[in-house]
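Taken in order, these protein sequences are the chains called E and W. Residues in the first sequence are numbered from 1 upward in steps of one, following the working numbering. Residues in the second sequence are numbered from 327 upward in steps of one, following the working numbering.
Note that these hints are calculated values from the structure, not bench results. Where a beta carbon is used, it is the ideal one built from N, C-alpha and C, also for glycine. One should not assume that every hint holds.
Selected chain W positions facing chain E (Cβ under 7 Å, derived; list incomplete) [as the list claims (entries may be wrong)]:
id, residue
1, Gly438
2, Gly439
3, Glu441
4, Arg442
5, Tyr445
6, Met448
7, Val458
8, Val466
9, Glu497
10, Thr569
11, Met617
12, Ala621
13, Tyr661
Below 27 Å or equal to it, Euclidean Cα-Cα: the simulated DSSO-like pairs (lysine-lysine) are [stated by the list, open to error]:
id, chain 1, residue 1, chain 2, residue 2
14, E, Lys181, E, Lys33
15, E, Lys33, W, Lys476
16, W, Lys614, E, Lys33
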Amino acid sequence: MADITLVEAVTQALAYEMRHDPDVIVLGEDVGKDGGVFRATVGLLDEFGPERVRDTPLAESMIAGLAVGMAAQGLKPVAEFQFMGFMYPGYDQIINHASRMRNRTRGRITCPVVFRAPYGCGIHAPEHHSESTEAIFAHIPGLRVVIPSSPARAYGLLLASIRDPDPVIFLEPSRLYRWSKQAVPDDGKALPLDKCFTLRVGTDITLVTWGAMVKETMAAAETLAKEGVSAEVIDVATIKPLDIETILASVEKTGRCVIIHEAARTCGVGADISALIAERGLMYLQAPVQRVTGYDTIVPYARLEKFYLPSEKQIIDAVNKVMEFA
Amino acid sequence: MNVIATFEIAYYQYLNEASLLVETLPSDLKNPHELQKIYRLMVLLRTFDSKAIALQRTGKLGTYPSTRGQEATFVGIGAALQKSDVFVPYYRDVGVLMQRGVKLSDILLYWGGDERGNYSSMAEDFPYSVPVGSQPLHAVGIATAIKIRKQKRAVLTVCGEGASSQGDFYEAMNVAGVWKLPVVFVVSNNQWAISVPRSAQSASQTIAQKAIAAGLQGEQVDGNDVIAVYERVSQALKRARETNEATLLEIITYRQSDHTTADDASRYEPQGVREEEWKKEPIERLKKYLMNTNAWTEEQEHALHKECASDVEKIVHEYINAVPQAPESMFDHLYETLPDIYAEQREHVSHKEAVAHG
Ligand SMILES: Cc1ncc(C[n+]2csc(CCOP(=O)(O)OP(=O)(O)O)c2C)c(N)n1
Ligand SMILES: [Mg+2]
Numbered sequence: 001m002a003d004i005t006l007v008e009a010v011t012q013a014l015a016y017e018m019r020h021d022p023d024v025i026v027l028g029e030d031v032g033k034d035g036g037v038f039r040a041t042v043g044l045l046d047e048f049g050p051e052r053v054r055d056t057p058l059a060e061s062m063i064a065g066l067a068v069g070m071a072a073q074g075l076k077p078v079a080e081f082q083f084m085g086f087m088y089p090g091y092d093q094i095i096n097h098a099s100r101m102r103n104r105t106r107g108r109i110t111c112p113v114v115f116r117a118p119y120g121c122g123i124h125a126p127e128h129h130s131e132s133t134e135a136i137f138a139h140i141p142g143l144r145v146v147i148p149s150s151p152a153r154a155y156g157l158l159l160a161s162i163r164d165p166d167p168v169i170f171l172e173p174s175r176l177y178r179w180s181k182q183a184v185p186d187d188g189k190a191l192p193l194d195k196c197f198t199l200r201v202g203t204d205i206t207l208v209t210w211g212a213m214v215k216e217t218m219a220a221a222e223t224l225a226k227e228g229v230s231a232e233v234i235d236v237a238t239i240k241p242l243d244i245e246t247i248l249a250s251v252e253k254t255g256r257c258v259i260i261h262e263a264a265r266t267c268g269v270g271a272d273i274s275a276l277i278a279e280r281g282l283m284y285l286q287a288p289v290q291r292v293t294g295y296d297t298i299v300p301y302a303r304l305e306k307f308y309l310p311s312e313k314q315i316i317d318a319v320n321k322v323m324e325f326a
Numbered sequence: 327m328n329v330i331a332t333f334e335i336a337y338y339q340y341l342n343e344a345s346l347l348v349e350t351l352p353s354d355l356k357n358p359h360e361l362q363k364i365y366r367l368m369v370l371l372r373t374f375d376s377k378a379i380a381l382q383r384t385g386k387l388g389t390y391p392s393t394r395g396q397e398a399t400f401v402g403i404g405a406a407l408q409k410s411d412v413f414v415p416y417y418r419d420v421g422v423l424m425q426r427g428v429k430l431s432d433i434l435l436y437w438g439g440d441e442r443g444n445y446s447s448m449a450e451d452f453p454y455s456v457p458v459g460s461q462p463l464h465a466v467g468i469a470t471a472i473k474i475r476k477q478k479r480a481v482l483t484v485c486g487e488g489a490s491s492q493g494d495f496y497e498a499m500n501v502a503g504v505w506k507l508p509v510v511f512v513v514s515n516n517q518w519a520i521s522v523p524r525s526a527q528s529a530s531q532t533i534a535q536k537a538i539a540a541g542l543q544g545e546q547v548d549g550n551d552v553i554a555v556y557e558r559v560s561q562a563l564k565r566a567r568e569t570n571e572a573t574l575l576e577i578i579t580y581r582q583s584d585h586t587t588a589d590d591a592s593r594y595e596p597q598g599v600r601e602e603e604w605k606k607e608p609i610e611r612l613k614k615y616l617m618n619t620n621a622w623t624e625e626q627e628h629a630l631h632k633e634c635a636s637d638v639e640k641i642v643h644e645y646i647n648a649v650p651q652a653p654e655s656m657f658d659h660l661y662e663t664l665p666d667i668y669a670e671q672r673e674h675v676s677h678k679e680a681v682a683h684g
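The shape of chain W in the complex, shown without the other chains (with noise of 0.2 Å):
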């Protein structure tokens, strides 16, 4: 017998759970107002967040996922990100969103079902994908553009732990390995997709190794820890766009709410365990940080609540007011122009009386 494959599989962290540095603070960060930029919009997620879920329970907001526990991941995603850069996202992605051009209140109408709210992106990004684990071969779509077109920019794309059981999954993964395509792959590893747990979602050790059969680089980071995470997706694009190697990144979370506004987690999750994983963190893990390193103080935070609250009701208050759309609009972009057989049912709806069904 000879061992003809082997691989390993890294984990990265740098701030520890007890706030401690525990590799050298990455070049890009030393300036503490980089860091307190981003405790900033975490925080501001965290306001947002709750907002939106009080929003949904009186009944202003759609059915609404949650982002609480998860800011690092996805504000350090949006962080590591460049202007140039494409960025495919999930449903679960306000937090890179927001730092994408996206405006708030467009997320808000998004979630209580107005197209519009997918339009105010940057030009080039794709708006959320709701069909689970479909958008990665949006993003090496977008990569072959670009690499055909010899750029050096990357694309980005992120899904959940669950989604990285579907086929398309690994249909991406592998297209990257053959075509050398400069794109990002992050799994979002919250520990459950709706019920089921990571463990019923796949006997692999790590979903990370998943790369490895794709000839792809695989690693796990830390999700709670936002250095960690605005560094490692910082070496991924960067090999995306100076080599085209693909990188695929695990990054562990946990899921500090129900999975979205429709679901009851208490019919499914273990007690404690979510107190027991709230230990870890990511927002109170920084500041911490913060406060240790005199980077950041009490009358600080004051004044960032405040004014985090105050953004998010200017943004609530845009949202409540957005005029709607007339009803005819669900015609206006089907087509580039709509064919003729089809102008009849356009002129029938716009004189429709509205009906609320149940």
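One chain only, chain E, in its complex shape (with noise of 0.2 Å):
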């Protein structure tokens, strides 16, 4: 078995559902002869014909919207949208109608949609390329927010996303689409959603973190290990909604925890999760929850984004700062 990339695992696991479900159709802008843009559904039209894998008019409301409507009549579509920047003309339809159209007819329609988009800076794109704007599909009741940080997750968690039976939004971090290589087997077998996955067992400090910012985070681990720390690594995956049993239970074991992110700080996924530890765990901290995270400022441009994106460095210092705690 050949080693593959995080967007071949997202090819993998959408042709694999496909084979074993005819109710998954994938649409989108450029999916088809194309392939998507970053290339994440090439081969999916030859196999599958243009009837399941369609590509739409440039319309990103009209996408979700569709997708909508496809979904109730018992269709799985996974909808792609080009970029994170430019799902917003579907927002309306995924907050006002996919989000909640199982709640307003109590079960009898439901909209088991996955809207996938690439998503983060770092790949220096034009403007409007690198968003990190999770949070705001998080804040919506009756959304699934998931963010895969390997091949495997990728494959796992993808295929999870499109047999759930309510909305997913599928943020795949466009940073890591080639970063990476790994062994991940076409076997059909889905990762658990609203799971988080402790990706490095350790016990002096808890990182949170999730999308491609794991990268970092595994890197400063593994310093800090050098240095004699032990951290403990927590990719979140689905950050809504959130395993915060598992974050409190590594948290009850180290005492620390500092929260890594690329979204914007205020308001960001960080902010509820270390809200949380308050709430629930204060008593276990032995220091205060620090977050590490992109400035609250517009994604620059690609010659500063490397300012911009949290570092190794950083996290290493949040570290320290928090280990000088007694």
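Put the complex together from the two separate chains, hints included.
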């Protein structure tokens, strides 16, 4: 089995599920012949034909609303938005319809759609192609927000998201699309949603993160180990609903926590995790929770993005600060 | 210069303002029994509508959007739809929904503030859409599924003329054209979007011609003529089912009411217009025709009104006596299975005392 990248794992999951479930339909801009601008849907048109792999007219609200209608008929649409920054025209359809259809019909009509989008900065893309606005979806009742950070988790979590009976926002860190490779058996095995993944076990401090920041966080944990600090690394993966139990159990063990995310700081998901730790786990803490995040600024254009993204050093500095509390 | 595109917009009327048939009666409606059935529904709708307004005025119902004067539009659409079709409504569509298995007591439940009002519909029909103009996109999604499955069914969606200014409205027609989808878009042009008149909504001569840019057929229909509405909607549905061609029908009517019970049209509606428009009102128009053709009598009229009043009383009784939802039910259909993290909030609200805020 050849090792595959995160984006190839996305394609592998889509193809697997389309082979095994005729109700799965892929739609979006350029998802057909082109295979998507990141090639996430490459080969699907040839294998499944234009009825199931649909290039849509260029209108994001339409992509989202169309998916709501298709899902109500029992199809399982996987709708691709070309970049997260272009999801916003579809936001009305996602919030006002997808997220609440089950609730407002008391379960009569449901909305098992996956809304996929590449997200995050660090790929030197033009303006609007680097957004990390997962918090505005995480705020919405009725949605799930799922973010993979490795090829294996992209495969397993995407399968789980397609099979989930409710709408899922599936955000793929574009910075990790081709960053690493790993063997991902095409066995159709889904990974659990609504669960954190503990990527590294440690005893001194809990590092909570998701998406592309898993990369810097794991590197920081590695460096810290050499300095004698044992860090536990948690990939939240499903940021809505939050598996706070796993985070609390870790914080109970370590007594310290740093939350790392790429998105802007204010009202980021880190704020909510920090609040939950304060509400439910204050007595475990030996030091204040720290956040290492993107700045409260517009994501800068390519030349400054390396200053925007939280660095491994920032994470280490935050950890050292927290470790100084006796 | 060469003219490379021209278009025509037809206007359809069967029964004119003087209740004279100006076209041959469609064959579906030749048996007087059919028009009597339609007439009964229009009278029931108006009786229900007046009652709903009265309930709101006495504090027993929330904000309610009246359909007074638009009965032909909605009853005509409902009569033309087949059971196997899918209906995607907007908030003024009670006249259709009552023909789609929705209990009128549930319509009251909905406007009374209870989600269960959206439950008792035909399984595939959508509930009301409140975000103006967003639902045509659901219709094209449903139509896509129907087409993928090679079924001979159609989807029909309704919105107001104000909604036709929304991007979603155009996006839906556009994809219906490119993908050849079995869908019918109906614009119920009642001349007002709350306080904004049709003339301030679009400089387009007709709303119907907005179809042309999407590659669809568009036409205008007299919305106070239930025969025209029934026939043109039936034809458009047939085209959708048989040839996957979408149609836009602009149905011209007049809102003989405030926008909703929360509105006061006297702030903006020019004096006298409503009265002038009332002369074209749909129920009297059909009644006269039925009487002129000896298909209706004053005795039948009297009996019908009594029957509708008593039906509506029963509906109101059922509505007033509905068992309230438990407070924790607000969590019960949020997800298929409530995620653990919300269990505590569900538990909390189940013990919470209701507090009236303002
Ligand atoms: C997206 C959106 N914007 C604004 C409103 C508030 N609103 C409710 S009805 C309405 C007017 C709609 O007019 P029209 O589409 O002509 O339908 P009508 O009510 O006349 O049948 C407005 C502005 C809304 N519900 N949704
Ligand atoms: Mg209107």
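For which of the previously enumerated hints does the structure constitute a violation, in increasing order of number? As far as the earlier hints go, 1, 2, 6, 7, 10, 11, 12 and 16 are violated by this structure, in ascending order.
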